[in-house]
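A.B. asks: Spelled out from the first residue to the last, the chains are:
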Amino acid sequence: MTTADRARSALRAALPPLAPSMPHPGDDEIARYHRDELAPPDRERLADHFVACPECTERLLLRADFDATETAEPLSEFELAAAWRAVRPRELEPARGSRWPLRTLAATFLVAALGLGIQARQLRQEIAAAQAPELNTPIVDLFATERRSSVPRPPAPPVSATSARLTLVLNPERRETFPSYELTVRDATGEVLYAASGLEKNAYGSFTVTLPRPLLRPPHLSLTLAGLRGSQRETLGEFTLELADPAGAPGDGP
Amino acid sequence: MALYYRPIVSCFRKRGCDADLALDLTQDVFHRIYTGVRSFRGEAEFDTWVFRIAVNVWRQRRRFWAAEKRSGEEVPLVVARGEGEPEEPLELPAPGPSPLEGLLAEERSRQLAEAIAQLPEGMRRCLLLRVQQDLKYREIAVILKLSPETVKVHLFKARQKLEALLGPYFHPGLDDEDSP
Numbered sequence: 001m002t003t004a005d006r007a008r009s010a011l012r013a014a015l016p017p018l019a020p021s022m023p024h025p026g027d028d029e030i031a032r033y034h035r036d037e038l039a040p041p042d043r044e045r046l047a048d049h050f051v052a053c054p055e056c057t058e059r060l061l062l063r064a065d066f067d068a069t070e071t072a073e074p075l076s077e078f079e080l081a082a083a084w085r086a087v088r089p090r091e092l093e094p095a096r097g098s099r100w101p102l103r104t105l106a107a108t109f110l111v112a113a114l115g116l117g118i119q120a121r122q123l124r125q126e127i128a129a130a131q132a133p134e135l136n137t138p139i140v141d142l143f144a145t146e147r148r149s150s151v152p153r154p155p156a157p158p159v160s161a162t163s164a165r166l167t168l169v170l171n172p173e174r175r176e177t178f179p180s181y182e183l184t185v186r187d188a189t190g191e192v193l194y195a196a197s198g199l200e201k202n203a204y205g206s207f208t209v210t211l212p213r214p215l216l217r218p219p220h221l222s223l224t225l226a227g228l229r230g231s232q233r234e235t236l237g238e239f240t241l242e243l244a245d246p247a248g249a250p251g252d253g254p
Numbered sequence: 001m002a003l004y005y006r007p008i009v010s011c012f013r014k015r016g017c018d019a020d021l022a023l024d025l026t027q028d029v030f031h032r033i034y035t036g037v038r039s040f041r042g043e044a045e046f047d048t049w050v051f052r053i054a055v056n057v058w059r060q061r062r063r064f065w066a067a068e069k070r071s072g073e074e075v076p077l078v079v080a081r082g083e084g085e086p087e088e089p090l091e092l093p094a095p096g097p098s099p100l101e102g103l104l105a106e107e108r109s110r111q112l113a114e115a116i117a118q119l120p121e122g123m124r125r126c127l128l129l130r131v132q133q134d135l136k137y138r139e140i141a142v143i144l145k146l147s148p149e150t151v152k153v154h155l156f157k158a159r160q161k162l163e164a165l166l167g168p169y170f171h172p173g174l175d176d177e178d179s180p
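Protein chains in written order, with our numbering: chain A, 1 to 254; chain B, 1 to 180.
Excised from the complex, chain B in its bound form:
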């Protein structure tokens, strides 16, 4: 317990849990360790086994939050005619782009994918992690085994290259870090 207490608490705190919640989740992890330690067969390192339990607890918590969000009250969209008259459902335009917009989007997507494929490996990975997974420099650095400064440089150069390759299709702001 002394060995894993701080790492587990730290994991949860770094994912935005307040102190009480991090402690609750840590206690959940320890409880699972106590009740499941007999099922530990030694196929993996004990360290990895504990870590897997922590990951499962964290995922369960995220699913709980997602379920909480989904359980909001449903309000029907209706058009009120007047007192005593039946309400009619509100007619909304069909969601999604028009056929022309769809065509343009497909073209943009193809050109962007081609441009990204032309980027060097490190730059491409930094860009995709930043854009598609919305990660911070520090997190990208951990994943790609780079320093945050190198990540920043990669993203800056990727922006320049994409700008050169795509011209008007390119959106600025790719290498801006919102939070330190």
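If we strip away everything but chain A, and leave its shape as in the complex, we get:
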């Protein structure tokens, strides 16, 4: 210990203890004091406080060093690497827990992708089956219900169609020619199962349409054939079709 140290120690021991005259200033206030942004009375008040408060003095000196360091120059690669080296692993640790939503999302996408893959495969199989040639496709001749005739035509027997497609030959009651024709297929409840325009009359004055079997709901279907001329629509014939239920309805039994 030097003479000066001893002298200061003796004086320090002789002086009354430090007693800060005001509550400790905040970091913002200390920063403003250091930047000389305070009004003179506040500046004096803080200067007195610093004289009596080693803790705030230390904060002010830290602030001064903090502000004095040159930051205009970009960090060197070494400085950046050094700054990140220990931060990165520590930063990742707490983040590990918060990654579970990402993992859940990834798992969901994986399951969805698998599901879509399976569905796409089934669709491809269905398309292939629909495009494949089919032997012995049933052909059903349907005659329009004759409204004007006193002797009704007996209804066609139920069709037991287990094939993928069913070809219908529609023989309308009226034979007028229209630019275009429209067909509507309804089930027993009246719900439209299929509707399409663009039918063409063949050389025998009848119409041929091939429908996929899954579209047709047994046991009872009604079909309406209409002629179209501009906005005009005229019904050319009503047809009924009885289908045997493949699960064991009439016509399927022994």
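Hints were generated in silico from the structure; no laboratory data involved. All C-beta atoms, glycine included, are put in the ideal place defined by N, C-alpha and C. Heads up, a few of these hints could be off.
Taking lysine to aspartate or glutamate pairs in the EDC-like style, the calculated list, with each CA pair at most 20 Å apart, reads [said to hold, decoys possible]:
no.	chain 1	residue 1	chain 2	residue 2
1	B	145	B	114
2	B	145	A	37
3	B	136	A	65
4	B	145	A	65
5	B	145	A	79
6	B	14	A	79
7	B	136	A	48
8	B	14	A	58
9	B	145	A	48
10	B	161	B	149
11	B	14	A	55
12	B	157	B	121
13	B	145	A	27
Example chain B residues on the side facing chain A (calculated, C-beta under 7 Å, incomplete) [said to hold, decoys possible]:
no.	residue
14	10
15	53
16	55
17	56
Fit chain B to the supplied structure of chain A, relying on the hints for placement.
C.D. replies: Coordinates of chain B only, in the frame set by chain A:
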């Protein structure tokens, strides 16, 4: 990070930390910034918030050092009588000054406080910062917004005044800077 890296490292280096420790503490600061940035509500400037974290890290480090010092091994003071005989605790004189010394110290303290109170404001502040907080000229200059030379002059004049006011009670060496 690029903005605050150097100021924070510099703060720790200027407080006697070696390069590795300064880097460790800086990384601790950045880690706290990363983990606590969501709690930053914008009530203070971001700059101040970062600075507060650096101050807390520094205080924590100082507490750690203080705790390290306190955790030294305790050795009982005993008087060894001889082999096989029980040891007796060493009797020490009561610490502290005698009543007469205490009285003189109180008187010295009162006279010193009165003399210091008579000093001009700037001089008084320089003196107290130098004596009570053991600060360097440069640090006193930062705190009081003066140049180090002015601080030196204030301390020199304070010494002269105290010498005149206190006479034999005054200790020399007040305005000697141990280190530049």
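A.B. asks: All hints are to be evaluated individually against the structure, with a verdict given for each.
C.D. replies: Structure-based check of each hint:
{"no.": "1", "hint": "B:145 - B:114", "result": "26 Å, violated"}
{"no.": "2", "hint": "B:145 - A:37", "result": "12 Å, holds"}
{"no.": "3", "hint": "B:136 - A:65", "result": "14 Å, holds"}
{"no.": "4", "hint": "B:145 - A:65", "result": "14 Å, holds"}
{"no.": "5", "hint": "B:145 - A:79", "result": "32 Å, violated"}
{"no.": "6", "hint": "B:14 - A:79", "result": "18 Å, holds"}
{"no.": "7", "hint": "B:136 - A:48", "result": "18 Å, holds"}
{"no.": "8", "hint": "B:14 - A:58", "result": "12 Å, holds"}
{"no.": "9", "hint": "B:145 - A:48", "result": "13 Å, holds"}
{"no.": "10", "hint": "B:161 - B:149", "result": "18 Å, holds"}
{"no.": "11", "hint": "B:14 - A:55", "result": "17 Å, holds"}
{"no.": "12", "hint": "B:157 - B:121", "result": "12 Å, holds"}
{"no.": "13", "hint": "B:145 - A:27", "result": "18 Å, holds"}
{"no.": "14", "hint": "10", "result": "4 Å, holds"}
{"no.": "15", "hint": "53", "result": "10 Å, violated"}
{"no.": "16", "hint": "55", "result": "6 Å, holds"}
{"no.": "17", "hint": "56", "result": "10 Å, violated"}
In this structure, the earlier hints numbered 1, 5, 15 and 17 are contradicted, and the remaining ones agree with it.
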